[in-house]
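Residue numbers (our numbering), protein chains in the order written: chain A, 1 to 325; chain B, 1 to 293; chain C, 1 to 336.
Read the hints as simulated data drawn from the structure, not as lab findings. Remember, predicted model here, so these are calculated numbers, not experimental data. Be careful, since some hints might not be right.
[What the hints assert, rightly or not] Think about it this way: if two alpha-carbon atoms lie no more than 20 Å apart in a straight line, the pair counts; the simulated EDC-like pairs of lysine to aspartate or glutamate are:
#1 Lys137(C) with Glu61(A)
#2 Lys65(A) with Asp27(A)
#3 Lys237(C) with Asp27(A)
#4 Lys114(A) with Asp328(C)
#5 Lys237(C) with Glu151(A)
#6 Lys237(C) with Asp127(A)
#7 Lys237(C) with Asp117(A)
#8 Lys114(A) with Glu230(C)
#9 Lys229(C) with Asp184(A)
[Said to hold, decoys possible] Anything over 12 Å on all C-beta distances counts as not near chain B; from chain C, calculated:
#10 Arg31
#11 Ala49
#12 Thr62
#13 Ile160
#14 Leu257
We treat Cβ as the ideally placed atom computed from N, Cα and C, and that holds for glycine.
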Amino acid sequence: MSKDQILRVEDLVAYYKTEKGDVKAVDNVNFFLKPDEIVGIAGESGCGKSTLLNILYGFVESPLKVLSGHVLMDVDGDEIDIIHKDKNEIEKLWWKHVSYMPQSSMGVLNPVIKIEDQFIEIFDKLDENLAKNEIRRKVEENLNVLGLPREVLSSYPHQLSGGMRQRVVIAMATIQNPRIVYTDEPTTALDIVVQRGILQTITKLQEQTKNTFVIVTHDMGMHYQITDRMIIMYAGKVVEIGETENIFRKPLHPYTLLLIESLPRLGDRSERKSIKGSPPSLLNPPKGCRFYPRCPYATRECAEKEPPLTEIQRNHHISCFRPLR
Amino acid sequence: MSIKILKSLKDNLYTLKSLVAGDAKLIVGLAILIIFLVMGFVLPSFSPYKSKGWSQVTRDVPPCWEHPLGTTSTGQDLFWLLTFALQNSLILGMVVASVGTFVGVVVGLVAGYRGGYLDGLLSSLSDIFIAIPSFPILILLAALFLGRIHILMLAAVFCLFNWPWAAKQTRSMALSIRERTFIDSASFSGIGMIGTIFGEVMPLMIPWILANFVNTVLVAIGAEAGLATIGVSSLEEATLGTMIYWALRYQAMFRGHWWWITVPVGVIVILFIALFLISLVVSERFVLGKDRR
Amino acid sequence: MRPIVKYVITRMTSYFITIFIGITICFLMPRFVPLDPVTIMLSRIKSVARINPEAYQAMRETFLEIFGLKGTLQEQYFNFIRRAIIGDFGISLAAYPSKVNFLIAIALPWTIGLLATVSFIAWIFGNIIGLLAVYYKDKKISSALQWLSIAVYPIPYYIIALILIYVFCFWLRLFPLMGGLPIGFKLSLDFRSVLTIIYYSFLPGLSIFVVSLGWWMLSMRALSINLSKEDFVRFAKMKGLRGRVILIRYIFRNALLPQVTSLAMGLGTIFSGSLVTESLFSYPGIGQLFYLAISENDVNLTMGVVTLSIIAVSTSALVIDLIYPLIDPRIRYGGR
Chain A
1 MSKDQILRVE
11 DLVAYYKTEK
21 GDVKAVDNVN
31 FFLKPDEIVG
41 IAGESGCGKS
51 TLLNILYGFV
61 ESPLKVLSGH
71 VLMDVDGDEI
81 DIIHKDKNEI
91 EKLWWKHVSY
101 MPQSSMGVLN
111 PVIKIEDQFI
121 EIFDKLDENL
131 AKNEIRRKVE
141 ENLNVLGLPR
151 EVLSSYPHQL
161 SGGMRQRVVI
171 AMATIQNPRI
181 VYTDEPTTAL
191 DIVVQRGILQ
201 TITKLQEQTK
211 NTFVIVTHDM
221 GMHYQITDRM
231 IIMYAGKVVE
241 IGETENIFRK
251 PLHPYTLLLI
261 ESLPRLGDRS
271 ERKSIKGSPP
281 SLLNPPKGCR
291 FYPRCPYATR
301 ECAEKEPPLT
311 EIQRNHHISC
321 FRPLR
Chain B
1 MSIKILKSLK
11 DNLYTLKSLV
21 AGDAKLIVGL
31 AILIIFLVMG
41 FVLPSFSPYK
51 SKGWSQVTRD
61 VPPCWEHPLG
71 TTSTGQDLFW
81 LLTFALQNSL
91 ILGMVVASVG
101 TFVGVVVGLV
111 AGYRGGYLDG
121 LLSSLSDIFI
131 AIPSFPILIL
141 LAALFLGRIH
151 ILMLAAVFCL
161 FNWPWAAKQT
171 RSMALSIRER
181 TFIDSASFSG
191 IGMIGTIFGE
201 VMPLMIPWIL
211 ANFVNTVLVA
221 IGAEAGLATI
231 GVSSLEEATL
241 GTMIYWALRY
251 QAMFRGHWWW
261 ITVPVGVIVI
271 LFIALFLISL
281 VVSERFVLGK
291 DRR
Chain C
1 MRPIVKYVIT
11 RMTSYFITIF
21 IGITICFLMP
31 RFVPLDPVTI
41 MLSRIKSVAR
51 INPEAYQAMR
61 ETFLEIFGLK
71 GTLQEQYFNF
81 IRRAIIGDFG
91 ISLAAYPSKV
101 NFLIAIALPW
111 TIGLLATVSF
121 IAWIFGNIIG
131 LLAVYYKDKK
141 ISSALQWLSI
151 AVYPIPYYII
161 ALILIYVFCF
171 WLRLFPLMGG
181 LPIGFKLSLD
191 FRSVLTIIYY
201 SFLPGLSIFV
211 VSLGWWMLSM
221 RALSINLSKE
231 DFVRFAKMKG
241 LRGRVILIRY
251 IFRNALLPQV
261 TSLAMGLGTI
271 FSGSLVTESL
281 FSYPGIGQLF
291 YLAISENDVN
301 LTMGVVTLSI
311 IAVSTSALVI
321 DLIYPLIDPR
331 IRYGGR
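Take the sequences, apply the hints, and build the full model.
Rendered as structure tokens:
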């Protein structure tokens, strides 16, 4: 793996087995992650971004199944394929090389166990033979960075506010300095002021530790604020990858343009455009480009052939036959 | 408005039907129940003997062709006695279940949905009735009547202690359903409280109400039989419990008349397992959690 | 006010209110029943002896006084409450001249001993087995256990008792029919006494144990399955925590909370069930006392036992409810 990649996804295909058939939630996805960056994965609900995140992390539970492809990760110099590794070996990576922050912070912490004991669980799991006071010291340091008071340690989850709980989850995810942190909708159910605080925290952390954050969210505003690069997904496929600034300044895929235009902008009082129609069913996806039915620029070619992911400008990939110029 | 209620009735019935679709446990349970229902409600009309009254046949005859389940020491044919006993016990169970569940559900819905002062009052009331152990009081009551308590009086007192359980459960379900946005949008659309309750809330609860009903039948029959066993039920009526009482009183077990004690005990065991299976399957189909809606 | 203080005060208030209302119901019931115990008693006496009218009146007065039926309703009520608080229930008729309190004092330890031991053991075992049944849910024994508990749970205790009597006392002749102690046994503080007690209490205990066990197994299993779908359990799996850790610290500890509450709520049911079971075995506990009181129309004894039952059940529920905050930190410390 080259020096500027720490994770590479190749031809990843995964589906959910349901009573009605196989739902292809992730269909032929390709991209890579660099060290020291914040990458955002954007798209509507149901486009497969959360599923993708779980697979990258290595948490693949029935009814989800990976059909083919590779998720290659650089672990201490070795290249490991997460798809083809044993569950036990993958679990060894968890919380040490990679970590995960789930969608809602409300109910993710065990209500009957103190926060500090939950941290100790993580260290136990990693088989680190550290004394309890050492663990406590480490955790306190971490909490400090995140702006949490010491009292949090001896509290129970229900005694903390939503924002504090989210910060605790961030602390847990980053305490062992993993190289990649996956986070799914980090600010759900938090009010806007708290949201901003969380985003600032994440940015600050990333600057300090220089690891890679992968943020999945449908909130384009969040992407604009903190991500360096973005991956836009639609109906299980990647439609555009590029640097955030470029994407917002000049989006090349019609879907990306529509996503950005649906964002409210200060001072702009024109009517917000919502995208007509809805994403196709992933049970039996249409033949050509998945976005064809809703694309205002579509042609016959788009209906018949699937556009491949091509590098159209430097570090800017899209899959589209009629990119916006 | 009435169209909405009609439609909701149809929805409720539909839910009922879909619940009965194929499941081994359910089929076994229903089959047994139907057999007992037939025995209890159809057969008694054909009985060659009267339901009360002793010395109608030869005593202590073991099961034979003429008396398929044998006869008792009081001179009654056991099989036909069983049919009357089933009838009385089942009627008792169903009356208690109907009244208790109905009152409980209504109280629970009103308390949970209205909230406020009314809720506090009703909740405290049901908590108190749940906390008071009903059995000693039942024994006291029945004892005061010297074993000649009327079976409907028993049923009434059973109902009195039974409704709070349904009310408490219904209330917490109503509270959690109330949180759901679609209920609020229904109320915003001007349907009103009753319409909302019957149109939106009830269909979700039908499986639970059914399961609770079946369960209550079980509990009521069991309680009556328990009272009868120690001799405080209405001993002259034939019920499953009084059958046990008289069998014990005449030392059926130790005099070798095993049929007299085995039949009511066996019937209770089989009937209760059947009822429980039904309520279990019905409540399994009932998921009020996030996976369903 | 700290939340736990509020919790304790609320709980104790409802405790006293419950007992108060329960006792009041006890008081009111005999007075609204068409049969008059005094008249019945007297007619019984009249049927075996001839009494002159003055003696009849005198006896009537005495009975009225003994049964607490003298005076207006308010006076009676006041008397009743006063005696209930002191704990004086008068003299038993069936076991004349023993005082009711005395009879209860002998019978109560037997019942408490039986119930407390059996309920507790069944609760602990039921929860553990229920949990294991979920952990090993793919093994055959788990579904076998589930079917067994389905078959057993709906059966009332006394029915199981009857079955056990038939099998073990009559057919196999392994256990004695009488519960408690054999006739003429001298109780002393030695191992032999303990064994004898256990031997004679075994069947009554078993009847209650089997049914309770079924209930706790089923409910624990259902709770565990529901809990494993919770967000925090999923997150725990995503942290890669060991299966055993998740099972015990995440699922079991959270499932115990509603199980403790169920225990508190179910005490009344367990107690009721044991009453009939005890009388079937002539076990020298409260149930037996009840049976005696009813068959002999002993009003004082009946009142005493019923009042006591209400107090006993409510108190044990209270104790369990007060222990609850110790295991649920959400009650111990309030939320934000």
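A quick look at each hint next to the structure:
no., hint, verdict
1, Lys137(C) with Glu61(A), "17 Å, holds"
2, Lys65(A) with Asp27(A), "12 Å, holds"
3, Lys237(C) with Asp27(A), "26 Å, violated"
4, Lys114(A) with Asp328(C), "12 Å, holds"
5, Lys237(C) with Glu151(A), "27 Å, violated"
6, Lys237(C) with Asp127(A), "16 Å, holds"
7, Lys237(C) with Asp117(A), "16 Å, holds"
8, Lys114(A) with Glu230(C), "18 Å, holds"
9, Lys229(C) with Asp184(A), "19 Å, holds"
10, Arg31, "10 Å, violated"
11, Ala49, "21 Å, holds"
12, Thr62, "21 Å, holds"
13, Ile160, "9 Å, violated"
14, Leu257, "15 Å, holds"
The structure does not agree with the numbered hints 3, 5, 10, 13 stated previously, though it agrees with the rest.
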